[in-house]
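Chemist: Residues per chain are reported as follows:
2 protein chains.
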Amino acid sequence: MAVIFNLESERDKGGDALDRLTKMVSADLVRVNQLILQHMQSDVQLIPQLAGHIIAAGGKRLRPLLTLASARMCGYHGPRSAGLAACVEFIHTATLLHDDVVDESALRRGEASANVVWGNKASVLVGDFLFSRAFQLMVQDGSLRVLEILSGASAIIAEGEVLQLMTSNDTTTTEQAYLEVIKGKTAALFAAACEVGAVVADRPKVEEHALNTFGLNLGIAFQLIDDALDYSAKQEALGKTVGDDFREGKITLPVILAYLRGDATERAFWQRTLEKVEQDDADLRQAIQLMERHGTLKDTVARAAHYGAIARDALGIFPEGPEKRALIDVVDFCIDRGF
Amino acid sequence: MAVIFNLESERDKGGDALDRLTKMVSADLVRVNQLILQHMQSDVQLIPQLAGHIIAAGGKRLRPLLTLASARMCGYHGPRSAGLAACVEFIHTATLLHDDVVDESALRRGEASANVVWGNKASVLVGDFLFSRAFQLMVQDGSLRVLEILSGASAIIAEGEVLQLMTSNDTTTTEQAYLEVIKGKTAALFAAACEVGAVVADRPKVEEHALNTFGLNLGIAFQLIDDALDYSAKQEALGKTVGDDFREGKITLPVILAYLRGDATERAFWQRTLEKVEQDDADLRQAIQLMERHGTLKDTVARAAHYGAIARDALGIFPEGPEKRALIDVVDFCIDRGF
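Chains A and B, in that order, give the protein sequences.
Mapped onto the numbering used here, the consecutive letters of the first sequence carry residue numbers 427 to 765.
Mapped onto the numbering used here, the consecutive letters of the second sequence carry residue numbers 427 to 765.
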């Protein structure tokens with residue numbers, strides 16, 4: 427999930443939507459970071475070491491930002507949103523640790539991944555620890571509705587990961603199946619992160635549902651744009667490597683569409699490079715050429731724009747204000763990254 | 427579900443995609459109609475009377491056409507697809523009968539609906555009869571996979587209907603919740619109708635999945651276009667009434683978006699007309715004006731185009747040929763109706 431990365435680099439260029447969002451909730455965000463540091467402590471030295479490696483190393487706290495801004499937009503100004511935002515970040519971090527083990531990733535945010543440094547077993551168990559911590563924080567918060575939302579999201583994330591495992595290196599994955607994968611691996615936590623904002627503010631169900639729809643569709647759009655950027659020169663211009671997904675044999679929408687639109691020779695190419703993961707240096711260039719020929723990067727962005735439009739409309743029931751504006755700007759920013 | 431209706435009138439203008447599809451599988455379709463007439467018989471006179479009223483009265487057999495064309499595209503030329511197409515039509519008809527009871531509809535395809543002529547109880551029970559007949563036909567066919575697909579679709583349809591009941595007259599229904607409703611009430615049976623085509627042809631899972639994705643997304647697109655047409659002058663030009671959904675207080679995407687994009691006065695209007703269903707003659711005109719002001723009909727069509735694009739791409743794995751061409755033309759036709 428390189429989402430955070432992309433955002434970070436874009437932000438470094440200054441003055442974008444996430445920057446404004448971060449400033450808007452900066453006091454809360456300081457509190458979130460304190461809670462994260464505090465609750466990742468343990469007498470078992472390896473836990474804060476490993477957790478610190480991945481948590482402190484970066485990430486723009488996008489999901490916690492969504493919780494904080496959603497709560498604010500719903501009129502909440504108390505301390506609970508920071509605790510729940512920390513929960514959301516713990517769940518996110520736990521899934522990153524487990525993902526890297528499953529994907530056998532060597533790098534995370536440009537540094538050696540935890541599984542490489544401390545081994546798979548430690549990564550799995552520290553992931554479980556962070557996951558448990560998230561639930562402890564939720565229990566402390568004491569809202570059964572929050573527990574229901576975040577435990578539900580966790581189950582969907584796990585389902586999404588299993589589905590991804592089942593479809594991995596399978597070039598015949600359907601777009602519909604892939605959408606289910608990204609609903610699980612990315613969008614469900616975005617949805618829950620936003621939804622709990624309405625819960626702490628004690629707002630009616632209709633606002634919970636609106637924020638769920640907003641987060642879910644923002645998450646889908648986000649992941650699709652990320653999928654497109656992985657093959658885009660734009661990524662390179664931002665100083666990031668192109669083709670990480672390709673080298674890992676990941677099946678994403680630009681590939682799915684290229685496979686569907688390609689001829690027999692092209693499909694053999696995708697099978698060799700992504701199913702068997704037999705690649706040489708020229709193959710990435712060839713992959714990008716095929717995507718351009720069939721317009722699959724452009725169309726992946728167009729698909730993302732559809733989900734972005736749903737997200738934007740979902741906020742319609744909330745009164746105008748700086749938080750709402752900032753959340754809509756995050757959608758625009760997300761889609762614009764792809765153009 | 428006025429889908430069939432729209433298609434009919436468009437077809438009457440001659441030479442469209444559905445016409446070509448119908449001609450392509452005309453021999454099979456004759457067999458489907460024979461099976462339908464044969465299996466709706468019963469010693470209980472009321473059953474063929476009532477069933478005949480709704481089945482014979484019209485409908486363009488769109489769902490059976492999808493089954494027949496999908497099977498053909500998968501290389502199947504035997505007799506089983508006609509039987510399964512009849513199953514699909516029975517399931518569809520059963521849901522229409524039950525829908526009319528639930529919605530308290532007085533008209534179906536321009537004629538008095540069965541519940542008005544024979545009463546609610548008879549409509550519910552004949553619906554159950556047709557539903558059971560569908561399962562008998564499936565059991566005769568003998569494929570457990572087909573039973574699995576069609577019983578699964580039936581469950582989703584029922585879930586969708588319950589969800590629709592829960593969201594009916596609720597102007598705050600989210601777009602996400604509405605998508606779940608139409609996946610259930612329309613798209614699930616489209617998906618199953620197409621998917622069984624691959625099963626009778628004994629094709630690999632990947633083709634089943636592709637046809638499921640095709641049917642599901644075609645079904646969503648279809649329903650969304652239908653929702654838009656109900657408020658469109660195009661509908662009037664075709665000699666059909668405009669505003670049926672409005673008069674019934676139905677919550678569809680053009681309304682959901684207009685509510686989300688509207689101000690407090692406009693929301694009060696939607697609540698009065700669709701929640702309380704207090705309407706006078708000028709209200710429909712006002713509703714259409716609000717939709718035009720906020721571009722919600724145009725955007726409903728744009729949303730539909732997204733699902734249409736997914737449906738088209740889903741057929742990518744099938745070799746070119748007349749059936750594939752005809753199925754893609756059905757998607758184009760469906761979307762074009764909305765422009």
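I should point out that these hints are in silico values taken from the structure, not numbers from a laboratory.
A virtual CB, placed ideally from N, CA and C, is assigned to each residue, including glycine.
It cannot be assumed that every hint is accurate.
[Said to hold, decoys possible] Rough simulated footprint, nothing fancy, chain A against chain B, three-plus residues with beta-carbon under 8 Å:
| no. | segment |
| --- | --- |
| 1 | 495-509 |
| 2 | 549-557 |
| 3 | 592-605 |
| 4 | 625-638 |
[Said to hold, decoys possible] Simulated crosslink set (SDA-like; lysine to any residue; CA at most 25 Å straight-line):
| no. | chain 1 | residue 1 | chain 2 | residue 2 |
| --- | --- | --- | --- | --- |
| 5 | B | Lys631 | A | Lys631 |
| 6 | B | Lys724 | A | Phe759 |
| 7 | B | Lys631 | A | Leu605 |
| 8 | B | Lys750 | A | Ala690 |
| 9 | A | Lys631 | B | Glu701 |
| 10 | B | Lys631 | A | Arg698 |
| 11 | A | Lys631 | B | Lys724 |
| 12 | B | Lys750 | A | Phe759 |
| 13 | A | Lys631 | B | Ser594 |
| 14 | B | Lys750 | A | Ala603 |
| 15 | B | Lys631 | A | Arg693 |
Chemist: None of the hints should be skipped; say for each whether it holds.
Modeler: Verification of the supplied hints:
1. With 0 residues having a beta carbon nearer than 8 Å to a beta carbon of chain A, the segment 495-509 of chain B misses the requirement of three or more and the stated coverage is violated.
2. Remark: the segment 549-557 of chain B is not confirmed as covered by chain A, as 0 of its residues place a Cβ nearer than 8 Å to a Cβ of that chain, below the required three.
3. Coverage of a stretch by a chain is defined here by at least three residues with a beta carbon nearer than 8 Å to that chain's beta carbons; for the segment 592-605 of chain B and chain A the count is 5, and the condition holds.
4. Three residues within the 8 Å Cβ limit are the bar, and the segment 625-638 of chain B against chain A gives 4, so the coverage statement holds.
5. Annotation: proposed proximity of Lys631 of chain B to Lys631 of chain A is violated, straight-line Cα distance about 40 Å (limit 25 Å).
6. Restraint check for Lys724 of chain B and Phe759 of chain A: the C-alpha separation of about 24 Å stays at or below 25 Å, so the hint holds.
7. Restraint check for Lys631 of chain B and Leu605 of chain A: satisfied, since their Cα atoms lie roughly 18 Å apart, inside the 25 Å limit.
8. A C-alpha spacing of about 17 Å is found between Lys750 of chain B and Ala690 of chain A, which places the hinted pair at or below 25 Å, so the restraint holds.
9. The straight-line distance between the Cα atoms of Lys631 of chain A and Glu701 of chain B is roughly 17 Å, inside the 25 Å bound, and the hint therefore holds.
10. Taking the CA atoms of Lys631 of chain B and Arg698 of chain A, the gap is near 21 Å; set against the 25 Å cutoff, the hint holds.
11. For the proposed pair Lys631 of chain A and Lys724 of chain B, the alpha carbon gap of about 29 Å is over 25 Å, so the pair is violated.
12. Of the pairs offered as hints, the one joining Lys750 of chain B and Phe759 of chain A is violated, with about 38 Å between alpha carbons and a cut-off of 25 Å exceeded.
13. A hinted pair counts as satisfied when its Cα atoms are at most 25 Å apart, and Lys631 of chain A with Ser594 of chain B qualifies at roughly 16 Å.
14. This hinted pair checks out: Lys750 of chain B and Ala603 of chain A have alpha carbons roughly 21 Å apart, not beyond 25 Å.
15. Proposed proximity of Lys631 of chain B and Arg693 of chain A is supported: the alpha carbons are some 18 Å apart, at most 25 Å.
Violation of the numbered hints given earlier is confined to hints 1, 2, 5, 11, 12; the remaining hints are satisfied by the structure.
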